[in-house]
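K.L.:
Protein chains in written order, with our numbering: chain A, 6 to 436; chain B, 19 to 736.
Among the clues, some could well be false.
[Stated by the list, open to error] Derived DEER-like restraints, expressed as beta-carbon distance ranges: (1) A/Ala337 - B/Gly390: 55 to 61 Å; (2) B/Asp413 - A/Thr173: 48 to 54 Å; (3) A/Ala337 - B/His664: 27 to 33 Å.
[Unchecked claim] List time: in silico SDA-like cross-link candidates among lysine to any residue, alpha-carbon distance up to 20 Å: (4) A/Lys47 - B/Val420; (5) A/Lys95 - A/Thr401; (6) A/Lys203 - A/Lys299; (7) B/Lys720 - A/Gly107; (8) A/Lys423 - B/Tyr624; (9) A/Lys132 - B/Thr242; (10) B/Lys613 - A/Thr401; (11) B/Lys423 - B/Arg346; (12) A/Lys78 - B/Lys423; (13) B/Lys613 - B/Ala671; (14) B/Lys317 - B/Asn475; (15) B/Lys679 - A/Gln70; (16) A/Lys207 - A/Asn159; (17) A/Lys207 - A/Glu241; (18) A/Lys132 - B/Ser677; (19) A/Lys206 - A/Glu171; (20) A/Lys132 - B/Phe666; (21) B/Lys625 - B/Ala676; (22) B/Lys613 - A/Ser343; (23) B/Lys625 - B/Met572; (24) A/Lys207 - A/Ala192; (25) B/Lys625 - B/Leu597; (26) B/Lys235 - A/Asp434; (27) B/Lys681 - A/Lys299; (28) A/Lys132 - B/Asp351; (29) B/Lys474 - B/Val420; (30) A/Lys47 - B/Arg627; (31) A/Lys78 - B/Thr242; (32) B/Lys523 - B/Met572; (33) B/Lys613 - B/Leu597; (34) A/Lys132 - B/Tyr624.
If you're looking for bench data, these hints aren't it; they were derived computationally from the structure. Here the structure is a predicted model, which is why all the values come from computation and not from measurement. The beta-carbon is built from N, C-alpha and C at its ideal position, and this holds for glycine as well.
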Amino acid sequence: MTIAMVSMLSMAVSCEEPEPEPEPEPEVVKDYNFDLFVCATKHGGMSKNKYGTYVRSVSSLTADQPRVEFTGKGIDITEDYTLESITRGKYYYQVPQKSTGGFVKFHIERNAAGEETIVEDAEVPFKDNQYTARKYTHAWIDDSTTLVIVGTVNKATKVIWSKLSESTMAVQAEGTLDIKVPEGFGALSTSGVLTYRKSDKKLYYFYLAKRESGQSDAVTSVTYIAVIDPATMQVESNTAVPASVMEETAGSAYGELMQNMIMYDEADNLYLAGLITVNGTEMGILRRIPAGHKTFDTTWNGFPNPEGKLLTIQYLGNGKALSYSQDPSLVAKASIDSKINFYSIINLADGSRERVKFNGVDLQYCGGRFSQRSVVVNNKAYIGVGGEVEGEAEETYPTIYIYDCKTGVVEKGRELSKGFCFDIIRAMDVK
Amino acid sequence: MNIRNRLIVALALLGLCFPVYGQDSLSVKGTLGDTLTLQNATVTARSREQKLREGAFAVGALNIRLQASTLQSLTQAIDKTAGIRIREEGGVGSDFDLSINGMSGNSIRYFLDGMPLDAKGTGMTLANLPVNIIDRVEIYKGVIPASFGSDALGGAVNIITSSRARNYLDFSYGMGSFHTHKADFNAQYTGKKTGLVFKPVISASYSKNDYLMRGVKVRNEERTAFVIKDLPRFHDDYLSLFGQLEAGVQDRSWADAFFVSALVSKIDKDIQTGATQDHVIGMAERHTLSYSASARYEKTDFLTEGMQLLASLSHTWDHSVTVDTIYRMYYWDGSYMEGGKSEIRGRGKTLRHYRRPMTVARTNLNYRFAEGHNVALNYLLNRSGNQQTDTFDTDFEPTDDVLFKHIIGLSYDQSLLNGRLNNAFFVKDYVNHLKIGQNELSTITGSGQVNGSSTKNYVGYGAGSRYLLFEELAVKGSYEHSIRLPISRELLGNGSTIYANVALKPEISENFNLGLFGTFDLGGGHTISYETNGFVRLVDNYIRATVYETEGMMQYVNESAVHIKGVDGEIRYDWAGKLHVAANASFDDSRDMRKYTSSGDLSVTYKNRTPNRPWLYCNAEASYTFSNVGLRDSRLRLTADYQYVHWFYLTWAAFGSASSKSKVPTQHLTNASLLYSWRGGRYNVSLECTNLLNSLAFDNYKMQKPGRAFFLKFRLFL
């Protein structure tokens, strides 16, 4: 079945492309925990929360488990760490809240009292490049033994990079990408989005040219694709994306430290969520760079007839993806925390999509423009909804629903204590 | 009035005109001059501070005259008062936050002789006001008399300058740890022929503030790892210059007093850290230059007998510059990384100019229409501008914001039952006009929501009552429905570490106080006095400071509802003006009472204790004064004091395990001082040691306070 789906996908990409080797079934991840991030009062992405950020690490999200409580439990990371983070295995990697000019690696474990606690494994200073917490993007290269960090400085006019060893966290090299602010523009995006494609061993850096730093009007931006040799960090090509294909990437200020906007399928086609202006309104769009190519297939759109912005995408396998997107028509004036966001399953073969349902009823709308409340692991997607129904706030709890990627069956999972803004689920190895 | 009563009055006045060395009662034994001889007679008079405490309102009163001979700043003195907590960000000249009964420092208004302290320029604060010119400080808790024409919510601090009838010259110089120097001069001269009175004041203070920062993180020599070291602050120089000349006449037929004055103040301040000490700054600076011209007029029996007019007018030209023009990230060892972000704002380079002209006009008309009955009408006009330009950032668009306040107050005071019962009633009307021009970082500052101008009107009212049952027991209560309009620092930021939030709403509060006080005269010169005050503050749109850790910046935000309940108390013991022991304790419990978030959900912080604020703190002080030690007509005063501040959480207490939470740790601070004066206070030398035990102390999260320090000061008073 998988082979058939992959074949169909590949056909859809381009008839001229050779058929890729069939990919093995995804490795079943064992011994993982789920780290659940919540914020008090307001959703926390983009540093919007000033009221506290808390994390619980739990081994199971099934409905038979007790409600996840945060009162007197979990870790208060408000002052030390950002919600936005790089994760791999059991480790978190990030530029911490405190401005030390360093980079920290840590993991969560339980102490003798059985409480979750953060253990810092390393903190190293950068050599010359200065990054700001949450304003950078990353990719793993060299079989995930090297971490590449990219950010912008000088009022977002200069793109800097650093390479760190995963094992020692030593800064191996630093430099500046040969990317300039295009003529007629004033600044680049805050971080851009970096990704590494295994099939061609290239880094793809998606960034924006903006009229000025901080400008948020997509129609005036231009998206660029820089293809970079990860060994030398030389920019091999730098191509402007036509506005009709994509005006902006879905996010451009903090890479994929929080939200997933890039995904790969079994054929190593690269998918990117973005924005395009339709009749004066910013709408979501899903584009694809087929394996073996370095620019978008302009004929393919995986998110046709959008209700609003496409916020996150995650590959589920078998040619399907989970999307988190907006329907701003639900409220008169949408804000970051408006309950207008919902989950859908996209069939990448034809772009059709269907709302995720439980017992035949759509999962409720969620607040949290900057949230990543879903994670895909071991052929299951764990999808969190906020428990935020206006007027029913005291009766509903944030709940995780479990979508079986193979069967499409949705079951109800674990609940979280009410009142918090539920922002992130991360699946973390425990070994 | 019999001779004894006259003597009491005379001695009371004497006590007000000369340094009293802290006692609230004055005891005299033996011979007094040639005309009157008393044998073992003890007369007692209440000081002004004591009288104020015994009024209808909840008031803390502090005699500052003694501080003039020490190197302590006004903030250090006030910090030891019951119900008061001052949180400082660093050493000399650092920013501070004062709270009264749990209300944030910016809910507190400051006055100098009844005029807003801002009129002296934005650089002049309790931290750098010359102590030598100050007589006493009145601290109004929660309920503020209408005479101030103030929109204070949590309280008011009124600093009363010295007023002496005779000519004098007062000079002092002090020096101490961390390269601290301070010189003050003030005098009064009355021309014999013209009757013109001149009052010059000059003050200068400087400190490098290079105290040791313990356990800070720096890079190793290879710059491959971090190591922990103790290192001195290296970019925290502070220079304050202040000059004022007041000239006028007194006791004329047309005026009890008419004075005009001119003032100049200059503050140069290096900036060492952002909102936490992890954010190290090595080049950024802030400079403030202010000029002020003012006039005041006082007349009793104005228009009719029993009517008193107090009128004043001032205009201030205030220009501050924040220099943030380097792309660097510093470490505590002074090394740095050439980066791509400015030091303070973490964005582009700026050389930001803030011009904040302020005009204040105040009129206070009091009319005593019958014995024990007084009405007063007050009007305060306060216009403050905030013009921003940038001479480095060419993208910055100049702005011009204006805050306009009219506050009208009407009050009625009555004294009944032969003075045993005092009542006060007042009503205040606030008109606030705001014109916002700035639009930078609109998503952070909210300028996109509030562009343009708006005018709003608010009404406040209140009452207070005091009943004296016995000398040993009196009860008082007061209430105010108070309004507090955001100040420019909260609305418009400070140009360096505080973002503007122009969408801030006024705070509104129902303030209640209920207190007991009394004095026990135990005989033999032993007196014990006490006071205790319970309070409730029911605040809407509470304005709270928050920290953007990532950028090391702060911003003031509204909390929709906060309830504060608490109690403070103080007990004082005095023996014959020699031994003085005092202790006070304060407790308050502040809870977030917002039930639903803006999106309609149940707020998880509902009824939780408000984070990042001290809620239990105590002070104790003991002093002993020896007379005629070494030299005739001399005094030696030894003082020790101790301050305790209980630890508190930086974030909401309820969430997360206790071991994972950030805390501001408990403070134990002990200070000791020695003051020797001779020739009746003409010459004074003081030696102080602050933080005697060299404790690691924090008022704010990750902002170390200075360790042990020594200060020496000489004062000449002629």
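K.L.:
Is the hinted pair A/Lys207 and A/Ala192 satisfied, with a Cα-Cα distance of at most 20 Å?
P.N.:
violated (25 Å)
K.L.:
Given the hinted pair B/Lys235 and A/Asp434, is their Cα-Cα distance within 20 Å?
P.N.:
Measuring from Cα to Cα gives roughly 31 Å; hence the hint is violated.
K.L.:
Could you grab the alpha-carbon distance between B/Lys613 and A/Thr401 and see if it respects the 20 Å cut-off?
P.N.:
Answer holds: B/Lys613 to A/Thr401 is near 16 Å, not above 20 Å.
K.L.:
Taking 27 to 33 Å as the stated bounds, is the beta-carbon spacing between A/Ala337 and B/His664 within them?
P.N.:
Distance hint for A/Ala337, B/His664 is violated at roughly 47 Å.
K.L.:
Are the Cα positions of A/Lys203 and A/Lys299 separated by 20 Å at most?
P.N.:
holds (13 Å)
K.L.:
Hint check: A/Lys47 vs B/Val420, CA-CA at most 20 Å. Holds or violated?
P.N.:
Cα-Cα ~31 Å, so violated.
K.L.:
Verify the proposed pairing of A/Lys207 with A/Glu241, using a straight-line Cα cut of 20 Å.
P.N.:
holds (10 Å)
K.L.:
Straight-line Cα separation of B/Lys613 and B/Leu597 no greater than 20 Å?
P.N.:
Judged against 20 Å, a Cα distance of about 52 Å means the pair is violated.
K.L.:
Given the hint that B/Lys679 pairs with A/Gln70, test it: the Cα-Cα distance must not exceed 20 Å.
P.N.:
Not satisfied, since the Cα-Cα distance of roughly 26 Å exceeds 20 Å.
K.L.:
Need the status of pair B/Lys625, B/Ala676: alpha-carbon distance at most 20 Å?
P.N.:
Status holds; Cα separation ~19 Å.
K.L.:
Is B/Lys423 close enough to B/Arg346, meaning Cα to Cα at most 20 Å?
P.N.:
violated (41 Å)
K.L.:
Given the hinted pair A/Lys95 and A/Thr401, is their alpha-carbon gap at most 20 Å?
P.N.:
violated (32 Å)
In terms of the numbered hints stated before, the structure departs from hints 2, 3, 4, 5, 11, 12, 14, 15, 16, 18, 20, 23, 24, 25, 26, 27, 31, 33 and 34, listed from lowest to highest.
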